[in-house]
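*Asks:* Quick mapping for you: the protein sequence lines, in order, are chains F and R. Per the numbering used here, residue 1 is the first one in the first sequence, and the count goes up by one each step. Per the numbering used here, residue 339 is the first one in the second sequence, and the count goes up by one each step.
There may be inaccurate statements among the hints.
Claimed, not checked - Below, in silico cross-link-like pairs of lysine-lysine (BS3-like), each with a Cα-Cα straight-line distance of 25 Å or less:
1. F:Lys9 / R:Lys347
2. R:Lys437 / R:Lys390
3. R:Lys586 / F:Lys99
4. R:Lys467 / F:Lys129
5. F:Lys9 / R:Lys390
6. F:Lys9 / R:Lys437
7. R:Lys406 / R:Lys390
8. R:Lys347 / R:Lys482
9. R:Lys371 / R:Lys407
10. R:Lys347 / F:Lys129
11. R:Lys437 / F:Lys248
12. F:Lys224 / F:Lys297
13. R:Lys482 / F:Lys144
14. F:Lys129 / F:Lys48
15. F:Lys52 / F:Lys99
16. R:Lys437 / R:Lys406
17. F:Lys99 / R:Lys347
18. F:Lys69 / F:Lys129
To be verified - Which stretches of chain R does chain F cover? Using the computed rule of at least three CB atoms under 8 Å from a CB of chain F, they are:
19. 609-617
20. 620-630
Simulated from the structure, these hints should not be mistaken for lab results. Here the structure is a predicted model, which is why all the values come from computation and not from measurement. All residues carry an ideal CB built from backbone N, CA and C; glycine is no exception.
Number of protein chains: 2
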Amino acid sequence: MLAGQQTWKFQRQPHIISTATIVGPDEALGPLKDSFDKCYDELEIYEKSWEKAERRLLSEATSLALSKKNLTADDLQIYVGGDLLNQIITNNFVARELKIPYLGVFGACSTSMEALAIVAQLVSTGAVKKGMAAASSHNCTAEKQFRYPTEYGAQKPPTAQYTITGAGAAVVALDGDGPAIEAATIGRVIDLGITDPFNMGAAMAPAAVDTIIAHLNDMNRTPKDYDLIVTGDLARVGHPIATDLLLKEQVPINTTHFDDCGLMIYNIDDQQVEAGGSGAACSAVVTYGHIMNELNKGHLRRVLVVATGALLSPISYQQGESIPCIAHAVALKGKGVE
Amino acid sequence: MLAGQQTWKFQRQPHIISTATIVGPDEALGPLKDSFDKCYDELEIYEKSWEKAERRLLSEATSLALSKKNLTADDLQIYVGGDLLNQIITNNFVARELKIPYLGVFGACSTSMEALAIVAQLVSTGAVKKGMAAASSHNCTAEKQFRYPTEYGAQKPPTAQYTITGAGAAVVALDGDGPAIEAATIGRVIDLGITDPFNMGAAMAPAAVDTIIAHLNDMNRTPKDYDLIVTGDLARVGHPIATDLLLKEQVPINTTHFDDCGLMIYNIDDQQVEAGGSGAACSAVVTYGHIMNELNKGHLRRVLVVATGALLSPISYQQGESIPCIAHAVALKGKGVE
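Only chain F is shown next, with the shape it has when bound in the complex (with noise of 0.2 Å):
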């Protein structure tokens, strides 16, 4: 394959109509609490299991996506969803009560924009009219998952990250209000032998950059043609490192235009969220929340999403295997923006 073969530009480009974003009581003493639709004042969601408590969340994601523009489940023709669970249970679930198609994916966190990208070529190429894209994290389904059980307390290292709890849901059609989705590029596994959980930062940032570098080339475009370039979590650590990166690479990135969704939810310095925030959720929610604020109001007016996945389960990296990586980009458009 050549470089830069990696990118879905839509000829015919579907709009984002409606999205919802429900959070956890730590985003919500974040900077981007106003974006959310919803935030939960304790960790457990007012459910029984964590399972339950993150299935909630994205059941109501969901919902709320479609019930602002007063639409049903039936309206849609497909539903791409992903988690970081065992066999991406919480979506299994949601996809259950929605009743429509639906196509299970696995990106880690980058799932939210594979799943966006899916939807988005579905709607353009008119296989569907409409379809929802989600993605959904809950920190101690994942801590019990791929750390400790959560009553250990566990102590973590300063490179670790700290899983958002969240959901995120956008509803995707060929017409109506919302961003313009412009193109898609789907990434490559990259990995450079890190084999730390505990640094996944470093070990995605190499990822983000290859499919940046791939997307510019693509679209022939440059840094400057974004507003804003966001990466999904590659956090405290992993995101100075990316843009040494792009530099080394000769890309003119611009870092008051380059930021992290998982260094944008928290305060950093005050909340004890380690390096920073990551999980499924944690794009899913800055985009579908923050940015779709900012792109409506026409305060941004390119945006280009690159969602980070660190593609490791317990298994690989307990049998010494070291962490492969994965980013996919979204590129988004404000209304009116040519």
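For chain F, the structure is supplied; the task is to place chain R on it using the hints.
*Replies:* This is chain R only, laid out in the frame that chain F set:
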């Protein structure tokens, strides 16, 4: 959504230009032995862990599907794959070898046709020129993850199914020899309340029936239009249930043209495989081996492959949840068939 809006009809029909299938020793004892490209004589696949064994199967299947047509991964613009393992780790690692854009998907044992449907859509619409779909499973990676440590040698009830060991891959392009892909029907999650993970055939049967009916309605076809309608892995318990449900819904299914990959792959009465085969590779290796051969030889003209998946996780059933199920169907047409 109206009934019958689940199908992507491909205006430009892509072709399966190459396939490869690799299996383990149990599958080599079954009636389809000669249709597989390679049969391993030991379940360990000459590797040191079950996970590495499964990865080797998928790695070799994807390589072989390419080399049969003198292609390399660089000739592809997309790889879509999934498996049963947590975080679909087998596919993540194989995607790392391929170094091309990758969409990870999860539909349990329906993954094979979920992946093929997505690749076909991308090729048909010109988003990519060539792509590959694949799926894998290994009896022992599945056993240790979903049931008990393999060392226990735990007994299973006769309704249980036997996860097949293998991997199947298909290369899809717009032009070329090989069966055409006419359409793909994306399933909805169906859950009639079965909670027994040792009876997944019965749990999945209603999902298969739902997708078959949607497909026939969407395509304005009857079962007679297909020489073969084949479910993924309903096996000895689930397949007769699907037949009964179809007849109850007034679908004139002819049982001599209605079969199941999980029944076809083994000599059910002679091999110790309980109710029959299952696993993401089950429908993949039967479709990409035996069915491809029959389509290429003109013995079968039209085939509908209905891959079925049980979307449970060990945590979900331990928490008392029932088993959400899904089925994705792909319609294949032999060379020269109008």
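*Asks:* Against each hint, give a clear statement of whether it holds in the structure.
*Replies:* Verification of the hints:
Our distance criterion of 25 Å between C-alpha atoms is met by Lys9 of chain F and Lys347 of chain R, whose separation comes to about 21 Å. Taking the CA atoms of Lys437 of chain R and Lys390 of chain R, the gap is near 19 Å; set against the 25 Å cutoff, the hint holds. With a C-alpha separation of about 22 Å, the suggested pairing of Lys586 of chain R with Lys99 of chain F holds against the 25 Å cut-off. For the hint linking Lys467 of chain R to Lys129 of chain F, the alpha-carbon distance of about 24 Å falls within 25 Å, and the restraint holds.
Distance hint between Lys9 of chain F and Lys390 of chain R is unfulfilled; the C-alpha atoms sit about 37 Å from each other, more than 25 Å. Using a Cα cut-off of 25 Å, the hinted pair Lys9 of chain F and Lys437 of chain R holds, with the two alpha carbons roughly 21 Å apart. For the hint pairing Lys406 of chain R with Lys390 of chain R, the CA-to-CA distance comes to about 24 Å; that is within 25 Å, so the pair holds. Proximity of Lys347 of chain R to Lys482 of chain R is assessed by CA-CA distance (about 39 Å); at most 25 Å being required, the pair is judged violated.
Proximity of Lys371 of chain R to Lys407 of chain R is assessed by CA-CA distance (about 22 Å); at most 25 Å being required, the pair is judged to hold. A threshold of 25 Å between alpha carbons decides the hint, and for Lys347 of chain R with Lys129 of chain F the separation of about 14 Å falls inside it, so the pair holds. With a C-alpha separation of about 21 Å, the suggested pair Lys437 of chain R and Lys248 of chain F falls inside the 25 Å cut-off, and the hint holds. Distance restraint check for Lys224 of chain F and Lys297 of chain F: the Cα-Cα separation of roughly 20 Å lies within the 25 Å cut-off, and the hinted pair is therefore satisfied.
Straight-line distance between C-alpha atoms of Lys482 of chain R and Lys144 of chain F comes to about 19 Å, which keeps the hinted pair within the 25 Å bound. At most 25 Å may separate the alpha-carbon atoms for a hinted pair to count; Lys129 of chain F and Lys48 of chain F exceed this at roughly 37 Å. Annotation: proposed proximity of Lys52 of chain F to Lys99 of chain F holds, straight-line Cα distance about 19 Å (limit 25 Å). With a C-alpha separation of about 19 Å, the suggested pair Lys437 of chain R and Lys406 of chain R falls inside the 25 Å cut-off, and the hint holds.
With a CA separation close to 21 Å, the supplied pair Lys99 of chain F and Lys347 of chain R stays within the 25 Å bound. Taken as a hint, the Lys69 of chain F and Lys129 of chain F pair is honoured in the structure, with Cα atoms around 15 Å apart against an allowance of 25 Å. Interface restraint, the stretch 609-617 of chain R with chain F: violated (0 residues with C-beta to C-beta distance below 8 Å; minimum three). With 0 residues carrying a beta carbon less than 8 Å from a beta carbon of chain F, the stretch 620-630 of chain R misses the three-residue requirement, and the given coverage is violated.
Consistency with the previously given hints fails for numbers 5, 8, 14, 19, 20, ordered from lowest to highest.
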